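**Student:** Below, each chain spelled out in residue letters.
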Amino acid sequence: DTEVTQTPKHLVMGMTNKKSLKCEQHMGHRAMYWYKQKAKKPPELMFVYSYEKLSINESVPSRFSPECPNSSLLNLHLHALQPEDSALYLCASSQHNFLDRVYGYTFGSGTRLTVV
Amino acid sequence: AQSVSQHNHHVILSEAASLELGCNYSYGGTVNLFWYVQYPGQHLQLLLKYFSGDPLVKGIKGFEAEFIKSKFSFNLRKPSVQWSDTAEYFCAVSPATSGTYKYIFGTGTRLKVLA
Chain A
1 DTEVTQTPKH LVMGMTNKKS LKCEQHMGHR AMYWYKQKAK KPPELMFVYS
51 YEKLSINESV PSRFSPECPN SSLLNLHLHA LQPEDSALYL CASSQHNFLD
101 RVYGYTFGSG TRLTVV
Chain B
1 AQSVSQHNHH VILSEAASLE LGCNYSYGGT VNLFWYVQYP GQHLQLLLKY
51 FSGDPLVKGI KGFEAEFIKS KFSFNLRKPS VQWSDTAEYF CAVSPATSGT
101 YKYIFGTGTR LKVLA
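Sequences listed follow chains A and B, in order.
Each residue of the first sequence is one higher than the one before, starting from 1 at the first, in this note's numbering.
Each residue of the second sequence is one higher than the one before, starting from 1 at the first, in this note's numbering.
These are computed hints drawn from the structure, not numbers from a lab.
Certain hints may be false.
To be verified - Which bits of chain A does chain B cover? Going by a derived footprint, with three or more residues having C-beta under 8 Å, they are:
{"no.": "1", "region": "36-44"}
{"no.": "2", "region": "105-111"}
Claimed, not checked - Straight-line distance between alpha carbons at most 30 Å, and here's what the computed DSSO-like set of lysine-lysine pairs gives:
{"no.": "3", "chain 1": "A", "residue 1": "Lys22", "chain 2": "B", "residue 2": "Lys58"}
{"no.": "4", "chain 1": "A", "residue 1": "Lys41", "chain 2": "B", "residue 2": "Lys49"}
{"no.": "5", "chain 1": "B", "residue 1": "Lys102", "chain 2": "A", "residue 2": "Lys40"}
{"no.": "6", "chain 1": "B", "residue 1": "Lys102", "chain 2": "A", "residue 2": "Lys41"}
{"no.": "7", "chain 1": "A", "residue 1": "Lys9", "chain 2": "B", "residue 2": "Lys69"}
{"no.": "8", "chain 1": "B", "residue 1": "Lys102", "chain 2": "A", "residue 2": "Lys22"}
{"no.": "9", "chain 1": "A", "residue 1": "Lys9", "chain 2": "B", "residue 2": "Lys71"}
{"no.": "10", "chain 1": "A", "residue 1": "Lys18", "chain 2": "B", "residue 2": "Lys102"}
{"no.": "11", "chain 1": "A", "residue 1": "Lys9", "chain 2": "A", "residue 2": "Lys53"}
{"no.": "12", "chain 1": "B", "residue 1": "Lys58", "chain 2": "B", "residue 2": "Lys69"}
{"no.": "13", "chain 1": "A", "residue 1": "Lys40", "chain 2": "A", "residue 2": "Lys9"}
{"no.": "14", "chain 1": "A", "residue 1": "Lys40", "chain 2": "B", "residue 2": "Lys58"}
{"no.": "15", "chain 1": "A", "residue 1": "Lys53", "chain 2": "B", "residue 2": "Lys102"}
{"no.": "16", "chain 1": "A", "residue 1": "Lys19", "chain 2": "B", "residue 2": "Lys112"}
{"no.": "17", "chain 1": "A", "residue 1": "Lys40", "chain 2": "A", "residue 2": "Lys18"}
{"no.": "18", "chain 1": "A", "residue 1": "Lys18", "chain 2": "A", "residue 2": "Lys53"}
{"no.": "19", "chain 1": "A", "residue 1": "Lys40", "chain 2": "B", "residue 2": "Lys71"}
{"no.": "20", "chain 1": "A", "residue 1": "Lys40", "chain 2": "B", "residue 2": "Lys112"}
{"no.": "21", "chain 1": "A", "residue 1": "Lys22", "chain 2": "B", "residue 2": "Lys69"}
{"no.": "22", "chain 1": "B", "residue 1": "Lys61", "chain 2": "A", "residue 2": "Lys41"}
{"no.": "23", "chain 1": "B", "residue 1": "Lys112", "chain 2": "A", "residue 2": "Lys38"}
{"no.": "24", "chain 1": "A", "residue 1": "Lys41", "chain 2": "B", "residue 2": "Lys71"}
{"no.": "25", "chain 1": "B", "residue 1": "Lys58", "chain 2": "A", "residue 2": "Lys19"}
{"no.": "26", "chain 1": "B", "residue 1": "Lys112", "chain 2": "B", "residue 2": "Lys58"}
Claimed, not checked - Away from chain B, derived, C-beta distances all over 12 Å, residues of chain A:
{"no.": "27", "residue": "Asn17"}
{"no.": "28", "residue": "Lys18"}
{"no.": "29", "residue": "Lys19"}
{"no.": "30", "residue": "Ser20"}
{"no.": "31", "residue": "Ala80"}
{"no.": "32", "residue": "Gln82"}
{"no.": "33", "residue": "Leu90"}
Note that the coordinates shown come from a computational prediction; the quantities given were computed from them, not determined experimentally.
C-beta: ideal position from N, C-alpha, C; glycine also.
I would like the entire structure built from these sequences, with the hints used as guidance.
**Tutor:** Shown next, in the form of structure tokens:
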């Protein structure tokens, strides 16, 4: 299995809703990432998990809450989002060698989120 | 602050034309460099990467890139493009330090190849 699987592919939610995005990989990668991509813009890093621990939070608002229950699974919990949070949310994973160097991400196909 | 610049935002070429997309970065230390491609409606895919050694790197689908350290550049090239190369191309840089997993993406170059 050489894929990163993201569900759902599309999500429409109201500003008072609580929803979760899910990301799964079975490649043995020990780093997992959440990126946000607005239309015609590059992906912007939100969170990095390394060995199931949060290692980077790029000053993301608390209405986004990441969770890494195990080495294969990454969730992004959403609560009280704003319309400007509408975007493509990308999950990625990467492997590391003994020097902790990054060998390149494998990206999921993303969840297209619309906040109404 | 670290940044990645892709100067060509939109490129239109005819099939069989040669391609060169520019990528410059600002970071004083050692970096790992990547090019990703995003075909319409699809996810980001790794085209090629550079870590060390030969500065001329060959990737998938006939793409190659050259790392020129003195110019802080990592330009993407393809001798002869095809209609199927129509996509958005992102350059990305990651500081090559232990414990750093962060990518910085360029703004992307949208390539359209005319049949």
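**Student:** Each hint should be assessed against the structure and marked as holding or not.
**Tutor:** Structure-based check of all given hints:
Given as covered by chain B, the region 36-44 of chain A passes the check, having 5 residues with a CB less than 8 Å from a CB of that chain where 3 are the minimum. Under a criterion of three residues with beta carbons nearer than 8 Å to beta carbons of chain B, the stated coverage of the region 105-111 of chain A is upheld, 6 such residues being counted. Proposed proximity of Lys22 of chain A and Lys58 of chain B is contradicted: the alpha carbons are some 34 Å apart, above 30 Å. Distance check on the hinted pair: Lys41 of chain A and Lys49 of chain B sit about 21 Å apart at the alpha-carbon level, within 30 Å; holds.
Among the hinted pairs, Lys102 of chain B with Lys40 of chain A is consistent with the structure: their alpha-carbon atoms are about 21 Å apart, no more than 30 Å. For the suggested pair Lys102 of chain B and Lys41 of chain A, the alpha carbons sit about 18 Å apart, so the restraint of at most 30 Å is met. With a C-alpha separation of about 40 Å, the suggested pairing of Lys9 of chain A with Lys69 of chain B is violated against the 30 Å cut-off. Restraint check for Lys102 of chain B and Lys22 of chain A: the C-alpha separation of about 21 Å stays at or below 30 Å, so the hint holds.
Between Lys9 of chain A and Lys71 of chain B, the direct Cα distance comes to roughly 40 Å. Violation of the 30 Å bound is thereby established for this hinted pair. Annotation: proposed proximity of Lys18 of chain A to Lys102 of chain B holds, straight-line Cα distance about 28 Å (limit 30 Å). Restraint check for Lys9 of chain A and Lys53 of chain A: the C-alpha separation of about 26 Å stays at or below 30 Å, so the hint holds. For a cut-off of 30 Å, the pair hint linking Lys58 of chain B to Lys69 of chain B stands: about 17 Å separates their Cα positions.
Restraint check for Lys40 of chain A and Lys9 of chain A: satisfied, since their Cα atoms lie roughly 19 Å apart, inside the 30 Å limit. In summary, the hint linking Lys40 of chain A to Lys58 of chain B is supported, as the alpha carbons are separated by about 27 Å, within the 30 Å threshold. About 15 Å separates the Cα atoms of Lys53 of chain A and Lys102 of chain B, which keeps this hinted pair within 30 Å; it holds. With a CA separation close to 37 Å, the supplied pair Lys19 of chain A and Lys112 of chain B exceeds the 30 Å bound.
The hinted pair formed by Lys40 of chain A and Lys18 of chain A meets the criterion: a straight-line CA distance of about 27 Å does not exceed 30 Å. About 23 Å separates the Cα atoms of Lys18 of chain A and Lys53 of chain A, which keeps this hinted pair within 30 Å; it holds. Straight-line distance between C-alpha atoms of Lys40 of chain A and Lys71 of chain B comes to about 27 Å, which keeps the hinted pair within the 30 Å bound. Under the criterion of a C-alpha separation no larger than 30 Å, the hint pairing Lys40 of chain A with Lys112 of chain B is consistent with the structure, at around 14 Å.
Restraint check for Lys22 of chain A and Lys69 of chain B: the C-alpha separation of about 39 Å exceeds 30 Å, so the hint is violated. For the given pair, Lys61 of chain B sits about 24 Å from Lys41 of chain A by alpha-carbon distance, which is consistent with the 30 Å threshold. Distance hint between Lys112 of chain B and Lys38 of chain A is fulfilled; the C-alpha atoms sit about 20 Å from each other, no more than 30 Å. For a cut-off of 30 Å, the pair hint linking Lys41 of chain A to Lys71 of chain B stands: about 25 Å separates their Cα positions.
Restraint check for Lys58 of chain B and Lys19 of chain A: the C-alpha separation of about 42 Å exceeds 30 Å, so the hint is violated. Simply put, Lys112 of chain B and Lys58 of chain B have alpha-carbon atoms about 22 Å apart, close enough for the 30 Å limit, and the pair holds. Asn17 of chain A, annotated as away from the interface, keeps every beta carbon of chain B farther than 12 Å; the closest lies near 25 Å. Against the 12 Å criterion, Lys18 of chain A stays outside the reach of chain B, whose nearest CB is about 26 Å from its own CB.
In this structure Lys19 of chain A is separated from chain B by more than 12 Å, as the shortest Cβ-Cβ distance comes to about 21 Å. No Cβ of chain B approaches the Cβ of Ser20 of chain A within 12 Å, the least distance being about 20 Å, so the stated non-interface status holds. Remark: the non-interface label on Ala80 of chain A is consistent with the geometry, its nearest Cβ contact in chain B lying 27 Å away (cut-off 12 Å). Against the 12 Å criterion, Gln82 of chain A stays outside the reach of chain B, whose nearest CB is about 23 Å from its own CB.
Its closest Cβ contact with chain B, about 7 Å, brings Leu90 of chain A to no more than 12 Å, contrary to its assignment away from the interface.
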